[in-house]
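**Q** Using the supplied hints, reconstruct the complex from the two chains, each of which is provided in its own coordinate frame.
From first to last, the protein sequence lines stand for chains A and B.
Reading the first sequence from the start, the letters are residues 1 to 295 in my numbering.
Reading the second sequence from the start, the letters are residues 296 to 586 in my numbering.
There's no promise every hint is true.
[As the list claims (entries may be wrong)] If you only want the chain A side, here are some residues facing chain B, beta carbon under 7 angstroms, derived: (1) Pro-15; (2) Ile-25; (3) Tyr-108; (4) Thr-110; (5) Val-125.
[Claimed, not checked] Output of the computed footprint for chain B on chain A, the stretches with three or more beta carbons under 8 angstroms from beta carbons of chain B: (6) 57 to 69; (7) 111 to 122; (8) 126 to 138; (9) 231 to 245; (10) 253 to 259; (11) 268 to 278.
Simulated from the structure, these hints should not be mistaken for laboratory data.
Cβ atoms here follow ideal geometry from the backbone N, Cα and C, with glycine treated the same way.
The chain contents come next:
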Amino acid sequence: MAAEKRVIFRSAWLPYLLLAPQIAITIIFFFWPAFQAAWYSFQLQDAFGLQTEFVGLRNFHELFGDPRYLESFKITAVFSLSVASIGIAISLLFATMANRVIHGAIGYKTFLIWPYAVASAVAGVIFAFLFAPSVGIITFALKQIGIHWNWVLRGDQAMILVVVASIWKQISYNFLFFLAGLQSIPKSLIEAAAIDGAGPIRRFWTVVFPLLTPTTFFLLVINIVYAFFDTFGVIDATTQGGPAGATNILVYKVYHDGVKSADLGGSSAQSVILMIIVIALTVVQFRYIERKVHY
Amino acid sequence: MNRSSPPPGMVENRPWLTFFAHAILIAGVALVAFPLYITFVASTLTLEQILTVPMPLVPGDQFWNNYTQVITAGSQRGAAAPVGRMMLNSLVVALIIPLGKISISIIASFAIVYFRFPLRNFFFWMIFVTLMLPVEVRIIPTFKVAADLGILNSYAGLTLPLIASATATFLFRQFFMTVPDELAEAARIDGAGPMRFFIDVLLPLSKTSMAALFVIQFIYGWNQYLWPLLITTDESMYTTVIGIKRMITGGDALTEWHLVMATAMLALLPPAVVVMLMQKWFVKGLVDTEK
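Just chain B, with the same shape it has in the complex (with noise of 0.2 angstroms):
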């Protein structure tokens, strides 16, 4: 680029262009946002103000008593357990995962990347293969295993069998390659062995990759919904998505939207709040595991 090149970004200047773009950026956010606005207007309405139609399009005085109701009691027509439980459930959950997978994963690479071994390429693959698995497509069977091990209702059971990933490992593995060889020299040459090196080393450098891959499995461990809904049957072991599918009854009129709405936003906010804050590891995760 020579100096006499504009500023970056603006390779010539059309204001209607720009003014276009805003437009278009605004009536995307709108669009986007819309719907939570509207499930957040719901959530602090009295169920009569929602089923006369058109319902109000302003929030409601009904917060306090919606949410209350809801984190501490449940719904009354659906099921009836409270969503402050499942919360903590769901909690419980989106962290096991993510610990889960980030710490089977890195060891697992670190074998791969920095040992020789008998059948090293075998187990590579093995691993590599899981990712044509999905959980939707080995339900019924998965689910026969859970329940030989005893661990449906369990959080053992909402965890393990989400815990190994593919993805983790290859970027861990991705990783490890671009780390200089002359650290591990250094190391063997301080007589420092494999598992120094791997706490001292590289466990250290390898902070933003855990940072990134945190972000984006913890709103995977919140999300679950398949296969929390066939394990759990206990009310006292749902997650708040399987709690609000639960209230549900059938029916328009018979559901309890208000409930359903207040319980909407607080499984939605977690995850949200997370990606917002969190947007730089949140974006590096996203870009990285799908490399």
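Just chain A, same shape as in the assembly (with noise of 0.2 angstroms):
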């Protein structure tokens, strides 16, 4: 807290009343639970949970031995990555031209940003109808160019449906900081580059993405934590982590391992491990946005 407030208040209890709601909730429902989850990943409880025993950081040492939780972090990394990459690229296509027009541009954001507002469960029930194997549209769209697509029997293909599915929801968010960030750039600067003769797509390389990259960085970011965390809804609607586990990404883990399999040692671990990742993630934001501040 770098900044103080000159003038202040004196009471001696008022402080602590006003922040006792905020602080109550935090404790019970964050801390509590948090603390919980560390506690259970160190111990391990028989089928019946009747008994537990402390077993030290086994729950780790197996998980790490166990292929299928090393494949779900290549499979999370791949989906987080296409994600994040193919919706940023998409996004900025729309939102340079957005800026561009000057007619329409605000009709357009109007019609572009409204998927933020479905539920990714939702934009997941969409998504497997329009994709069904049987029924869907686009599969029968697919099997007139000669694709046959099944993606309840292939893994790749249940792979493709949840990074679109997914990319769809976060098209908007995407426009928005993009747009946001290119109506920022001075003027100026593009008309310099337009009189030494640059021509829109080397202006944009070497002038607009530039400027661009802290929003870029900062999207970046923010695309790996929706796709780690907030996509649980398209996963549990659509394809539930198969199929053979093809989808099964760690948050989806945690999920299926704690509340399907109740194995609640090895699913804590897996909480333990997740929380670590977004800690650092945290990090990697709050240090981009003090670099942002000192710029």
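**A** Given below as structure tokens:
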């Protein structure tokens, strides 16, 4: 907390009273469960949940010896990098075009931002329907051009399906941030480049894109966090991690192992690892914000 | 910019490029809208029409039948809970979450910005680290806490664990830092206590931030999935998003797609309308909460 208020009020009890609701909820629903997750991760429970035994790092040890867990890491990496990179590229294209047109820009914007409002599970259901192996309209169209589509059986197609659905939902978010970034670039810079004889494409890569680097980096982190956690609904409504674990991303595996298979120790150990990943991503994000401030 | 420069937004005139830009944008809008259009069309057809591949691409005449069926009775093969009730649940959740978040965060930020007291930094960090603990990474223990508190299948259970928010607290803190000190000074000279100052000065000044936060959190609340999935077992407490999932019975041909798609429309319309009508607040909220 860098800046401080000069004028302050004095009271021995009021600030605590004002903070009480927030702190109470934080302790009950954040700290206590996080602490428990850490605690369970060092324990082994029998099948009936009657006895627990302290096993130290065994859950973690088993996890990293489990090829399915390592596979899930790989799948998560492929999934989140695809969602982030393709989503960012498409949104940047739309934002650049929208920044160029003068007529109808607001209309385009309105019709590009609404998918943000669609719940990821609903987006999942809609795409599951469009790509349904027997009745889907896109499945039918793909068949006409010779592509046999069945994501229920084929792992690579299942991955494409969840990537497409996740990108569709996130385009609006990326688009808005890129558009804001583009609009903050001083017109004089573009004009100077134009006077120097740089064409639109050259201007984009030498002037506009470098100035958008902070926005792009910020969106990269946000999109990776989105793909890690917020896509749970997309996965659960479509592939449920299948077929044969081809779309079993880390957050889905925590849920599956903990809720469906009732493996408390293993699931908690996975939760702890996920927490470490979130903390790392948050630190990266804050580092970036600090850098932006010092520009 | 000197006087001879062209009008803003037009560095030079390249008609083909403008044409290209419009073409890309129209393709983009079509790409984004296509899934919604198919969803709407499917929601106005009979199941038989959908099962005839390819399904018709123009709306059918079953709009009224399908929507009244799902709103009053639900699906036949999947969960048979009326979606009307679910929409009410979604609405309650989507209103309690933003109102709760805004209320507890604004008073917490007021305490942190306008008072000096022991453990102030400690509390600030305590709220700050919750940014790093999304519900997805602590689902099972949080479920246990909710079960111990006896709030499964209740509005309290659906909302309370999602109400604590570091982002809202940050947003208000950030905003309070920009409020001129003279205002608080004047209030103190006039003999107004801290709560008087909070209600008469800070609250009215915070209206814009509150509106922006409300829009974002309304969508967040309406779209919750994992948490309601875990803690609602009673059909009368399902939210709309959960309801859709429960209607899919497995197997393309067995699912009553016309009813599922009608429910999908009902699940996505309220937040989509909020985004489009309150665009200004939505954009502000999005940008502010990510600062």
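**Q** Evaluate each hint against the coordinates.
**A** Do the hints match the structure? See the list:
{"no.": "1", "hint": "Pro-15", "in the structure": "holds (4 angstroms)"}
{"no.": "2", "hint": "Ile-25", "in the structure": "holds (4 angstroms)"}
{"no.": "3", "hint": "Tyr-108", "in the structure": "holds (5 angstroms)"}
{"no.": "4", "hint": "Thr-110", "in the structure": "holds (6 angstroms)"}
{"no.": "5", "hint": "Val-125", "in the structure": "holds (5 angstroms)"}
{"no.": "6", "hint": "57 to 69", "in the structure": "violated (count 0)"}
{"no.": "7", "hint": "111 to 122", "in the structure": "holds (count 12)"}
{"no.": "8", "hint": "126 to 138", "in the structure": "holds (count 11)"}
{"no.": "9", "hint": "231 to 245", "in the structure": "holds (count 4)"}
{"no.": "10", "hint": "253 to 259", "in the structure": "holds (count 4)"}
{"no.": "11", "hint": "268 to 278", "in the structure": "holds (count 5)"}
Violated hint: 6 only; the structure is consistent with all others.
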